[in-house]
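Please take these sequences and the hints and turn them into a complete structure.
Number of protein chains: 2
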Amino acid sequence: MSNEFSRIARYFAPLAGEEGRGLTDDAAVLRPPPGRELVLTVDQMLEGVHFLKDDAPGLVARKLLRRNLSDLAAMGAEPLGYLLTTALPAGVDDAWLAAFAKGLEQDQAAFGCKLFGGDSSSSLHGISLSATFVGHVAPGAALSRNGAKAGDGIWVTGTIGDAALGLQARLGKLADESGVLTRRSELPEPRLGLKLAGLVTAAMDVSDGLVQDLGHMCKGSGLNGTILASLVPASAAAAALGAAVLEERLTGGDDYELLLAVPPGRAGALKAACGDVPVTKIGMFQTGMGVHVIGDDGKEMRFSKPGWKHF
Amino acid sequence: MSNEFSRIARYFAPLAGEEGRGLTDDAAVLRPPPGRELVLTVDQMLEGVHFLKDDAPGLVARKLLRRNLSDLAAMGAEPLGYLLTTALPAGVDDAWLAAFAKGLEQDQAAFGCKLFGGDSSSSLHGISLSATFVGHVAPGAALSRNGAKAGDGIWVTGTIGDAALGLQARLGKLADESGVLTRRSELPEPRLGLKLAGLVTAAMDVSDGLVQDLGHMCKGSGLNGTILASLVPASAAAAALGAAVLEERLTGGDDYELLLAVPPGRAGALKAACGDVPVTKIGMFQTGMGVHVIGDDGKEMRFSKPGWKHF
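The listed protein sequences correspond, in order, to chains A and B.
Take the first sequence: its position 163, counting from 1, is numbered 163 in the numbering used here, and each next residue is one higher.
Take the second sequence: its position 43, counting from 1, is numbered 43 in the numbering used here, and each next residue is one higher.
Derived from the structure by calculation, the hints contain no laboratory data.
Just to be clear, a hint being listed does not mean it is correct.
[Claimed, not checked] Going by beta-carbon spacing under 10 Å, a handful of chain A positions derived as facing chain B:
hint, residue
1, F5
2, L40
3, G48
4, S123
5, V134
6, Q168
7, D176
8, S178
9, G179
10, G242
[Claimed, not checked] To give an idea of the interface, some chain B residues facing chain A are shown, with a C-beta separation under 8 Å as derived from the structure:
hint, residue
11, G35
12, E37
13, M75
14, D205
Just so it is clear, CB atoms sit at the ideal spot from N, CA and C, and this is done for glycine as well.
And the structure:
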C-alpha cells in the first residue's frame, strides 16, 4: 500500500485543474468567472450510512459528485470544480483508490469540472468522503427553495421513488429484474443545465424524499403544498410494483430530481426550458402551512416515516 | 435530542452569513470580492485520529477552523467564510453541539469569517468533521510551497514543537506544569495577516512536523534544505525539557507555524512584515535534494519517524 503523498500524486493529482496547483499547495487558487456569483455546496458520504462496504468504488465516487452537482442544479448553477476529502481505514487498498479515482475522472469529464484540492486522512472505522463543489450563476439568478407563491403549481422532473426502490432491491428486499431501479439508486442524474431562472419561484432537489423535501419548501415559503399521489410520475419499473410501494416512493430519498414551484401559465415555457427532461405537475401551493398528499381514494395519506432515513 | 433540521436551525443558522441564506437552501451564494482571486482549502478532523473523545467541543470547533485558517495564512490569503460538515453518532447530545457551536462563534468573531453552509449526517462510529474555507488574495499574490530558490534562507514563525509535546502531555506521557504546551496542542494560532507577498519565495504551514513539511517544500522546489537543530526556536516550556524532546519537536505535527523561504537581504523586511510574530532563520536552501538536519554535535541527525503520525 502506498503512503498518503504518493497516493495523492498517483490517483488525485491527474484529476486536478490548474486551480489545484498539482495538489501540492495548502490550498487552491480560483479566479472567479468575471461578473458571476459563486455557488458553494458540500455533501458527505459515509460507509454504512450513505453507501455499503461492497459498493463499487467508481459508483461511490460518481454518486458523491452527482449528489453535489444536484445541489448546484437546484440553485440553477453551472459547475466549476470541487475539493475532496477522504478518510480511509487501513484496509482500503490501492485497487479501491484506483477505481474510485477512475469514477471521479469519468464524471469530471461528463459534467465539465475539475478537482481543486482536498484533504486525506486515516480513519479508524469505515470510509468517510465529502466533496465541496463550486459553481457559478448570473448575479441574482440563484434559485431558492423559499420563494414559492400561493397559486404556484408543484412540479417535479423525471420520475419519483426509483432510487428508494432501488435501495430496497440492493438490500435484497425487492426484485428489480430490469436493473433500472438499482441503477437509479447507485447513479443519480443531476438535472443540470435547465434554464429555470425567471421561470420558477422556488427549486430544490429531492434528496430526503418527496414528502419531506416538499415540507421544507412549504416551510421556507410559508405555504401549504397539496399533491395528488396519482400524479407523481413513476418509472415503468416502479409502476409495475403497484400501490404496495407508493409510500416508499413518496417518502424514500436519493432521487435527485428537482422539485419546482411554477406560477400559472408557464407550463409550456417550463417544458421548453427542460427539453428532454420530463416535467410533471403534481399539485399546488396554497395559503396555509404543511404538506398534504391526497391518495387515489380522495383521502389524505398518512405516512409512517416523513422522509429518508439513513441505513 | 433534537432532530437534524432543528439542530441546524438552533445551533448553526445563527452562525451563517448572508451567503448562507439561513442554511435552508441547497447551497450558498457568494459574490466574490471584486478584483480578487479566491483561495479554497478543506481540512477534516476525526474523533480518535485528530482529536480525542473527551476533548472539549468548543476547542475541537476552534481547532477545526484554525487548521484551515492556517492553510489560508500559508497562501497569504484573508478569510471570508466556510462550509462545515458534521457526522455525529447517536450519543452526541445537544449540550455537545451547543458547546461546539459556541466555539465556532468565538473564532468566527476572532478571525472575521462566517458560516456559508454545510452538510450534516449521522455516523456509525465517532464524530467526523470537516471545514472548507474560502479566502481571497490579490491576483497572482497567492504564495506557494514550490518557489524556493537556492540561497534562500529557511525561516519559521513562532516556536516549533510545542504542539507535539502538548499532545504527549494530554496523553499523560509528559508533565506540562505551565499548561503552555497543552494549550498549543489544543488551540493553534493561525499566522494570518503577515504581509509576505513579494517577500518570500515559498510558504507553507507546519502541520505534519517540521522535517516532513520542509521535505515537501524541498521536493516542490527541487532543492536541498539544511537546517541547524540548535537554531529551531523553542518555547521556554519546551526548552526546559531539554535535548530529550528534540526529535519530537522537529518531527511532531500540529504547530501551524509558517515555514518560509526568504531570499538573502530580506531579514529586516521580513521581521517588519511579521510585526509581533517572531521569525527565525533556521537554515538554507541549496542545490540538491532532500532535508538535512545538523545536530549540536555537527553531525546529521537521523529520525525514527519522518513526521506526524495520527493517534
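Here is what the structure says about each hint:
1. F5: holds, 8 Å
2. L40: holds, 5 Å
3. G48: holds, 5 Å
4. S123: This hint holds: S123(A) lies near chain B, its Cβ roughly 6 Å from the closest one there, short of 10 Å.
5. V134: holds, 7 Å
6. Q168: Hint violated; Q168(A) Cβ to chain B Cβ min 20 Å, cut 10 Å.
7. D176: Since the shortest Cβ distance to chain B is 26 Å, the answer is violated.
8. S178: violated, 30 Å
9. G179: Interface hint status for G179(A): violated (28 Å vs cutoff 10 Å).
10. G242: violated, 32 Å
11. G35: Hint on G35(B): violated, closest Cβ of chain A at ~10 Å, above 8 Å.
12. E37: With a minimum Cβ separation of about 5 Å from chain A (threshold 8 Å), the hint on E37(B) holds.
13. M75: It holds, given that the least Cβ distance between M75(B) and chain A is near 5 Å, below 8 Å.
14. D205: Where the cut-off is 8 Å and the nearest Cβ of chain A is about 6 Å from D205(B), the hint holds.
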